[in-house]
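Student: Generate coordinates for the entire structure from the input sequences, incorporating the hints supplied.
In order, the protein sequences belong to chains A and B. Reading the first sequence from the start, the letters are residues 1 to 228 in this note's numbering. Reading the second sequence from the start, the letters are residues 229 to 439 in this note's numbering.
Hints in this document: simulated from the structure, not taken from any laboratory. As the structure is a computational prediction, the values presented were derived from the model and not from experiment. Careful: at least some of the hints might be erroneous.
[Claimed, not checked] The calculated DMTMM-like cross-link candidates involving lysine to aspartate or glutamate, where the alpha carbons are at most 20 angstroms apart (straight line), are:
no., chain 1, residue 1, chain 2, residue 2
1, B, K438, B, D284
2, A, K97, B, E303
3, A, K181, B, D327
4, B, K280, B, D298
5, B, K424, B, E264
6, A, K97, B, D369
7, B, K354, A, D94
8, A, K181, B, D369
9, A, K97, B, D361
10, B, K312, B, D425
11, B, K391, B, D327
12, B, K367, A, E176
13, B, K365, A, E168
14, B, K367, A, E178
15, B, K438, B, E311
16, B, K383, B, D340
17, B, K367, A, D94
18, B, K414, B, D327
19, A, K97, B, E260
20, B, K365, A, D207
21, A, K181, B, E366
22, A, K181, B, E364
23, A, K97, B, E255
24, B, K365, A, D94
25, B, K388, B, E364
26, B, K383, B, D421
27, A, K97, B, D340
28, A, K97, B, E266
29, B, K354, B, E364
30, A, K97, B, E366
31, B, K312, B, D284
[As the list claims (entries may be wrong)] With beta-carbon atoms standing in for the labels, derived distance ranges:
no., chain 1, residue 1, chain 2, residue 2, range
32, B, K365, A, T108, 27 to 35 angstroms
33, A, G197, B, P382, 48 to 56 angstroms
34, B, E266, A, R210, 45 to 53 angstroms
35, A, W173, B, G373, 28 to 36 angstroms
36, A, I101, B, G257, 21 to 29 angstroms
37, B, Y275, A, I194, 40 to 48 angstroms
38, B, D327, A, L26, 16 to 24 angstroms
39, A, R210, B, H259, 47 to 55 angstroms
40, A, R210, B, V235, 47 to 55 angstroms
The beta-carbon is built from N, C-alpha and C at its ideal position, and this holds for glycine as well.
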Amino acid sequence: MSTSYREIVNNGLWTNNQALVALLGLCPLLATSNTAINGLGLGLATTLVLVLSNTTVSLIRNLVRPEVRLPVFVLIIASFVTAVELSMNAWFHDLYKILGIFIPLIVTNCAIIGRAEAFASKNTVPKAALDGLMMGIGFAAVLFTLGASRELIGQGTLFSGAHLMFGEMARSWTVEIENYKGVLLAILPPGAFIGLGSLIAVKNWIDKSRQKARKQVAISDEGKAVTA
Amino acid sequence: MSRNILVSALILGVFGFIGATLVAVTEFGTHERILENERQALLRQLYEIVPKEQVDNDILAHPLTVNARDALGQESSTIYVGEKGKQLSAMVFEATVPDGYSGPIRLLVGVDSNGVLLGTRVVAHKETPGLGDKVEKEKSDWILGFKGKSLTDPKLDRWKVKKDGGDFDQFTGATVTPRAVVNGVKAVLLYFDQQKDALYKEYLDKAKTKP
Chain A
1 MSTSYREIVN NGLWTNNQAL VALLGLCPLL ATSNTAINGL GLGLATTLVL VLSNTTVSLI
61 RNLVRPEVRL PVFVLIIASF VTAVELSMNA WFHDLYKILG IFIPLIVTNC AIIGRAEAFA
121 SKNTVPKAAL DGLMMGIGFA AVLFTLGASR ELIGQGTLFS GAHLMFGEMA RSWTVEIENY
181 KGVLLAILPP GAFIGLGSLI AVKNWIDKSR QKARKQVAIS DEGKAVTA
Chain B
229 MSRNILVSAL ILGVFGFIGA TLVAVTEFGT HERILENERQ ALLRQLYEIV PKEQVDNDIL
289 AHPLTVNARD ALGQESSTIY VGEKGKQLSA MVFEATVPDG YSGPIRLLVG VDSNGVLLGT
349 RVVAHKETPG LGDKVEKEKS DWILGFKGKS LTDPKLDRWK VKKDGGDFDQ FTGATVTPRA
409 VVNGVKAVLL YFDQQKDALY KEYLDKAKTK P
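Tutor: The structure is reproduced here in structure tokens:
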């Protein structure tokens with residue numbers, strides 16, 4: 001039951017996207033997706049932890065006995081999260097202050113222990129690392145998209161606060177719609193739920209129409225076969 | 229059986245040790261930088277309120293800690309004292325207003341030696357985005373309007389929002405938040421007026437014992 005690299009990429013980005021399909025890690029997802037940069041910041045931190053934890057778990061998968069497996073995974077994840085938190089505090093201090101408690105909360109993101117248990121503990125190191133990276137990117141992409149749309153609809157800006165992450169020169173990246181009052185609802189917590197729901201709906205819609213197209217191709221192929 | 233448990237416990241212990249080591253090493257490597265970051269962030273905040281040329285001492289060197297719940301709204305408030313030419317030139321107060329629209333609002337209030345406001349900033353709040361959050365400097369210029377005000381300008385009974393018959397603007401759709409901030413700033417000014425000499429003396433004593 002070995003998964004091909006192609007499948008791993010597909011799973012992480014789309015088919016088994018942790019935010020849109022598995023619906024894991026919703027607490028940080030909903031709370032930090034009020035701007036594009038906040039979303040990106042937490043998404044990248046989560047990705048980093050996912051890659052580190054998946055790699056380590058895969059490395060030690062034959063060493064750890066099944067009965068202490070979960071506590072060991074939790075230990076590994078918690079250590080990495082703390083290390084990432086301290087590093088962010090040291091190098092991205094302003095962004096760290098905004099993301100605040102959601103960085104330590106990465107520990108509680110079920111997506112991470114989920115990937116450790118379901119994938120990394122059964123696969124080789126390169127595959128586990130790639131899985132972590134792809135799952136992380138898939139999660140970060142959803143966070144970023146949700147953050148960007150909430151920011152755009154809610155306050156009519158995009159990439160506000162980019163300098164917190166990319167330094168002073170990024171201050172000019174902020175795009176602002178002139179004379180736009182903003183829809184308050186998008187920034188408030190309900191906006192996060194509505195936004196995520198819409199994203200899931202769009203994903204399902206794309207999947208459905210793809211499936212339909214495939215079926216039609218199959219039918220028309222059959223038709224050709226019969227007439228021939 | 230018991231040997232199995234022992235081995236498992238050992239494995240768990242080893243990983244606990246490795247994890248703790250990783251965290252300790254990162255802590256060690258980032259500790260100084262984080263402290264410096266926090267110091268710089270605080271300095272930036274203070275210098276936004278108090279003009280740099282108005283102080284020539286290290287404003288962070290001897291902060292005072294007071295318990296003035298009635299005036300400053302918190303059990304323990306820090307006060308930063310700025311001097312110029314060995315004379316008191318500015319004090320920056322940490323204060324909390326308990327009655328924001330959705331919870332307490334934390335303020336930094338800077339006052340010069342004559343009791344004139346150098347500036348005010350909201351450092352933390354939970355007000356409604358788009359309405360009450362206009363007290364943030366990033367969202368609106370409202371908070372900058374405090375600069376230059378004092379207990380005599382406007383008069384004490386005019387330290388209210390316009391809706392309550394005072395001199396300060398409220399926002400469309402939000403009166404509670406500006407009202408709370410105006411009250412908070414006023415309370416700090418009154419406190420400064422009463423305690424200025426005692427506070428400065430305390431600062432001088434502190435600076436003497438620990439230069």
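Student: Work down the list of hints and note, for each, if the structure agrees.
Tutor: The hints, checked one at a time:
Only pairs whose Cα atoms come within 20 angstroms are accepted, and B:K438 paired with B:D284 is accepted, the gap being roughly 18 angstroms. Distance restraint check for A:K97 and B:E303: the Cα-Cα separation of roughly 23 angstroms exceeds the 20 angstroms cut-off, and the hinted pair is therefore not satisfied. A distance of roughly 27 angstroms separates the Cα atoms of A:K181 and B:D327; the hinted pair therefore is violated under the 20 angstroms criterion. Under the criterion of a C-alpha separation no larger than 20 angstroms, the hint pairing B:K280 with B:D298 is inconsistent with the structure, at around 31 angstroms.
Under the criterion of a C-alpha separation no larger than 20 angstroms, the hint pairing B:K424 with B:E264 is inconsistent with the structure, at around 30 angstroms. About 23 angstroms separates the Cα atoms of A:K97 and B:D369, which puts this hinted pair outside 20 angstroms; it is violated. Note on B:K354 and A:D94: the hinted pairing holds, with a Cα-Cα distance of about 19 angstroms set against a maximum of 20 angstroms. At most 20 angstroms may separate the alpha-carbon atoms for a hinted pair to count; A:K181 and B:D369 meet this at roughly 17 angstroms.
The hinted pair formed by A:K97 and B:D361 meets the criterion: a straight-line CA distance of about 18 angstroms does not exceed 20 angstroms. Annotation: proposed proximity of B:K312 to B:D425 holds, straight-line Cα distance about 16 angstroms (limit 20 angstroms). A C-alpha spacing of about 17 angstroms is found between B:K391 and B:D327, which places the hinted pair at or below 20 angstroms, so the restraint holds. Of the pairs offered as hints, the one joining B:K367 and A:E176 holds, with about 13 angstroms between alpha carbons and a cut-off of 20 angstroms not exceeded.
At roughly 18 angstroms between alpha-carbon atoms, B:K365 and A:E168 fall within 20 angstroms of each other, so this suggested pair holds. Proposed proximity of B:K367 and A:E178 is supported: the alpha carbons are some 15 angstroms apart, at most 20 angstroms. For the hint linking B:K438 to B:E311, the alpha-carbon distance of about 16 angstroms falls within 20 angstroms, and the restraint holds. Of the pairs offered as hints, the one joining B:K383 and B:D340 holds, with about 18 angstroms between alpha carbons and a cut-off of 20 angstroms not exceeded.
For the proposed pair B:K367 and A:D94, the alpha carbon gap of about 18 angstroms is at most 20 angstroms, so the pair holds. For the suggested pair B:K414 and B:D327, the alpha carbons sit about 14 angstroms apart, so the restraint of at most 20 angstroms is met. This hinted pair checks out: A:K97 and B:E260 have alpha carbons roughly 17 angstroms apart, not beyond 20 angstroms. For the hint pairing B:K365 with A:D207, the CA-to-CA distance comes to about 45 angstroms; that exceeds 20 angstroms, so the pair is violated.
About 16 angstroms separates the Cα atoms of A:K181 and B:E366, which keeps this hinted pair within 20 angstroms; it holds. Between A:K181 and B:E364 the CA atoms are separated by roughly 17 angstroms; this keeps the pair inside 20 angstroms, and the hint holds. As the CA atoms of A:K97 and B:E255 are separated by approximately 18 angstroms, the hinted pair is consistent with the 20 angstroms bound. For the suggested pair B:K365 and A:D94, the alpha carbons sit about 16 angstroms apart, so the restraint of at most 20 angstroms is met.
Proximity of B:K388 to B:E364 is assessed by CA-CA distance (about 19 angstroms); at most 20 angstroms being required, the pair is judged to hold. A C-alpha spacing of about 14 angstroms is found between B:K383 and B:D421, which places the hinted pair at or below 20 angstroms, so the restraint holds. Taken as a hint, the A:K97 and B:D340 pair is broken in the structure, with Cα atoms around 29 angstroms apart against an allowance of 20 angstroms. Distance hint between A:K97 and B:E266 is fulfilled; the C-alpha atoms sit about 10 angstroms from each other, no more than 20 angstroms.
For the given pair, B:K354 sits about 11 angstroms from B:E364 by alpha-carbon distance, which is consistent with the 20 angstroms threshold. Proximity of A:K97 to B:E366 is assessed by CA-CA distance (about 16 angstroms); at most 20 angstroms being required, the pair is judged to hold. Between B:K312 and B:D284 the CA atoms are separated by roughly 5 angstroms; this keeps the pair inside 20 angstroms, and the hint holds. Judged by the Cβ atoms, the range 27 to 35 angstroms given for B:K365 and A:T108 holds: they are separated by roughly 34 angstroms.
The hinted window of 48 to 56 angstroms between A:G197 and B:P382 holds, with their beta carbons roughly 50 angstroms apart. In this structure the supplied range 45 to 53 angstroms holds for B:E266 paired with A:R210, their Cβ-Cβ distance being about 51 angstroms. Separation of A:W173 from B:G373 is about 30 angstroms and conforms to the stated range, judged on CB atoms against 28 to 36 angstroms. Separated by about 23 angstroms at the C-beta atoms, A:I101 and B:G257 satisfy the suggested range of 21 to 29 angstroms.
The hint said 40 to 48 angstroms for the Cβ distance between B:Y275 and A:I194, and at roughly 41 angstroms that hint holds. Between B:D327 and A:L26 the CB atoms are about 33 angstroms apart, so this pair departs from the stated range of 16 to 24 angstroms. At about 52 angstroms, the CB distance of A:R210 to B:H259 agrees with the hint of 47 to 55 angstroms. About 50 angstroms separates the C-beta atoms of A:R210 and B:V235, a value consistent with the hinted range of 47 to 55 angstroms.
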